[in-house]
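Q: In order, the protein sequence lines correspond to chains G and V. Position in the first sequence (from 1) plus 16 gives the number in my numbering. Position in the second sequence (from 1) plus 49 gives the number in my numbering.
Among the hints, erroneous ones may be present.
To list a few chain G residues with every Cβ distance to chain V over 12 angstroms, as calculated [said to hold, decoys possible]: (1) T20; (2) G29; (3) L44; (4) A46; (5) D54; (6) I65; (7) A72; (8) K75; (9) V77; (10) G79; (11) E80; (12) S81; (13) L82; (14) T83; (15) A84; (16) E86.
Incomplete in silico selection of chain V near chain G, CB under 8 angstroms [unchecked claim]: (17) F70; (18) Q75; (19) N102; (20) G107; (21) A125; (22) T129; (23) L201; (24) S204.
I should point out that these hints are in silico values taken from the structure, not numbers from a laboratory. Glycine included, each C-beta is placed from N, C-alpha and C at the ideal position.
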Amino acid sequence: MTQTKIVVNCETGVTEVVELTADEIAQLEADHAQAESDRLARETEVARIEALKVSARAKLVAGESLTADEAALIIG
Amino acid sequence: MLQTLIASATVGAGGAASIDFNSIPQTFTDLTVVVSGRSESATTTAVLNMRFNGLSTGIYTIRQLRGSGAAVSSSATSSTSFDGGDCIPGSSSTGSVFANVQYVIPNYTQTTDHKTIILEGVAEGNISSTVNVVSSTGRSASNLAVSSITLLTSSNWAQYSTAYLYGTLKGSGGATVS
Chain G
17 MTQTKIVVNC
27 ETGVTEVVEL
37 TADEIAQLEA
47 DHAQAESDRL
57 ARETEVARIE
67 ALKVSARAKL
77 VAGESLTADE
87 AALIIG
Chain V
50 MLQTLIASAT
60 VGAGGAASID
70 FNSIPQTFTD
80 LTVVVSGRSE
90 SATTTAVLNM
100 RFNGLSTGIY
110 TIRQLRGSGA
120 AVSSSATSST
130 SFDGGDCIPG
140 SSSTGSVFAN
150 VQYVIPNYTQ
160 TTDHKTIILE
170 GVAEGNISST
180 VNVVSSTGRS
190 ASNLAVSSIT
200 LLTSSNWAQY
210 STAYLYGTLK
220 GSGGATVS
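Chain V with its partners taken away, still in its complex shape (with noise of 0.2 angstroms):
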């Protein structure tokens, strides 16, 4: 298995409404987007959405583990993007820390069933208590490649958020076990 950094991308003084990955190479497996974010919520935690080729209708179902603090939660929803829970951390949350997310994308480029996204996040806080961990599953129900992803969070990007897109190629080696 071998993975390929694709692109970057850091946000800059001012925030950013979205971070989008466009004319993502067909030439990989799958695909993996590691997110280290802010937001500029005024909340304390805030949303991380994400969605392929633009497509902003009500296509995405997302089965959700949650864990605040010690309360735990679980939901099964739709919705117009890809919802990866409360793993932001918003302007209210402590100074200077970081979500670390990451979106894994199996075989995006077949064109004939929908797309898995698996999400594992958590939103840091330097503080004993509220910290956000999410674990999800869902898919988009389009039949399309995937040649663009967009993240989006409860407001801007803040300043210093990375997103980091790879691509992963399954290897041609290896002994076959019959």
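One chain only, chain G, in its complex shape (with noise of 0.2 angstroms):
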């Protein structure tokens, strides 16, 4: 399938649908894995967050100790 991006010229406004170069195509498959590879660490990380707060809340309503990482959450 070929691979095309839209290009607007500000100054003429003419927008033109041209077909991606060999390198563009290279940065655009890097730049896909990136942007995949950041949304997949973010949505761990928030797992990780919320996993966290329920283990705290739950420490600190029987009144146990919280871990380093625990306490951290709760205050920085």
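Once you've looked at the hints, go ahead and assemble the two chains, each given alone in its own frame, into the complex.
A: Laid out in structure tokens, this is it:
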């Protein structure tokens, strides 16, 4: 499948659909891989924080000691 | 303050790898980019990225606050593009929903300092859960005036995605308070 991009020339107002060069396709593939890696890292971090919250909340209610990570979540 | 539409783009059938605004006039004070976007990425949410002048080295630093459902998170990172977070609906999200995102780029013509970028975005879901809200600020460590902007997502932009580029001119009227 041909990869294309939309190019708008703001001086002339002309909009073109342009085929990507081999270099641009390589850059795009790297960009997509990086974006997906960033997204997964954020998803993992949110899950980690939510699990720490659940654990810290239960320990506080039960009067148990928190781990360093749980304490850091509460007071930074 | 006067805001003028400089240019706009709408993605057609088959999608597009990027939306590029080139030859941006250097006659305004600030730029605003408004995106209504959806990605062809086979995920619920996809990443929104921006580049200036085609620069793809690690010159972009980002400070970001995120909300996903009731979960909040934050980060301080650097990257090869201005990472706007996961605020674009992917193809696994509710059908026909698009993100609403606004970038502001103040003083984009100056050539003595780095460029600031401010972003507010939300991935619409038309559902009660997992709607991502992103608030970011950051900079591009380049003194070059911004003459082109590239908008990318985790995959192709889906059909009907739009981007509008506005120029803001500071007003000449008003009183000076001393």
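Q: Run every hint past the structure and note whether it holds.
A: Now for the hints, and whether the structure bears them out:
Look at G:T20: its CB is around 6 angstroms from the nearest CB on chain V, not clear of 12 angstroms, so calling it non-interface is violated. Annotated as non-interface, G:G29 brings its C-beta within 12 angstroms of a C-beta of chain V; the closest such distance is 7 angstroms. For G:L44, the condition that its CB be more than 12 angstroms from all CB atoms of chain V is violated, with the nearest at approximately 5 angstroms. Look at G:A46: its CB is around 8 angstroms from the nearest CB on chain V, not clear of 12 angstroms, so calling it non-interface is violated.
With a least beta-carbon separation of about 6 angstroms from chain V, G:D54 fails to lie farther than 12 angstroms from that chain, contradicting its non-interface assignment. The Cβ of G:I65 does not lie farther than 12 angstroms from every Cβ of chain V; its closest approach is about 6 angstroms, which violates its non-interface assignment. Residue-level check passed: G:A72 sits 15 angstroms from the nearest beta carbon of chain V, beyond 12 angstroms. Look at G:K75: its CB is around 20 angstroms from the nearest CB on chain V, clear of 12 angstroms, so calling it non-interface holds up.
Under the 12 angstroms C-beta cut-off, the non-interface status given to G:V77 relative to chain V holds; the minimum distance is some 19 angstroms. No Cβ of chain V approaches the Cβ of G:G79 within 12 angstroms, the least distance being about 26 angstroms, so the stated non-interface status holds. The beta carbon of G:E80 sits about 24 angstroms from the closest Cβ of chain V, which is more than 12 angstroms, so the claim that it is off the interface holds. With a minimum CB-CB distance of about 25 angstroms to chain V, G:S81 clears the 12 angstroms threshold, and the non-interface call stands.
With a closest Cβ-Cβ approach of about 20 angstroms to chain V, G:L82 is found to remain outside the 12 angstroms limit, as its non-interface label requires. Distance to chain V confirms G:T83 as a non-interface residue, since its nearest Cβ pair spans about 19 angstroms, more than 12 angstroms. The beta carbon of G:A84 sits about 19 angstroms from the closest Cβ of chain V, which is more than 12 angstroms, so the claim that it is off the interface holds. Listed as a non-interface residue, G:E86 keeps its Cβ farther than 12 angstroms from every Cβ of chain V; the least gap is roughly 16 angstroms.
Checking V:F70 against chain G by beta carbon gives a least distance of about 5 angstroms; that is within 8 angstroms, so the hint holds. Among the interface hints, the one on V:Q75 is violated; its C-beta lies about 10 angstroms from the nearest C-beta in chain G, farther than the 8 angstroms criterion. Hint status for V:N102 relative to chain G: violated, with the closest Cβ pair at about 14 angstroms, above 8 angstroms. Hint status for V:G107 relative to chain G: violated, with the closest Cβ pair at about 11 angstroms, above 8 angstroms.
For V:A125, the interface hint is violated, the least distance from its beta-carbon to any beta-carbon of chain G being 13 angstroms, above 8 angstroms. At about 7 angstroms, the closest approach between the beta carbon of V:T129 and any beta carbon in chain G falls short of 8 angstroms, and the interface hint on this residue holds. The criterion of a C-beta within 8 angstroms of any C-beta in chain G is met by V:L201, whose closest approach is roughly 6 angstroms, and the hint holds. The beta carbon of V:S204 comes within 6 angstroms of a beta carbon in chain G, closer than 8 angstroms, and the hint placing it at the interface holds.
The earlier numbered hints that this structure contradicts are 1, 2, 3, 4, 5, 6, 18, 19, 20, 21.
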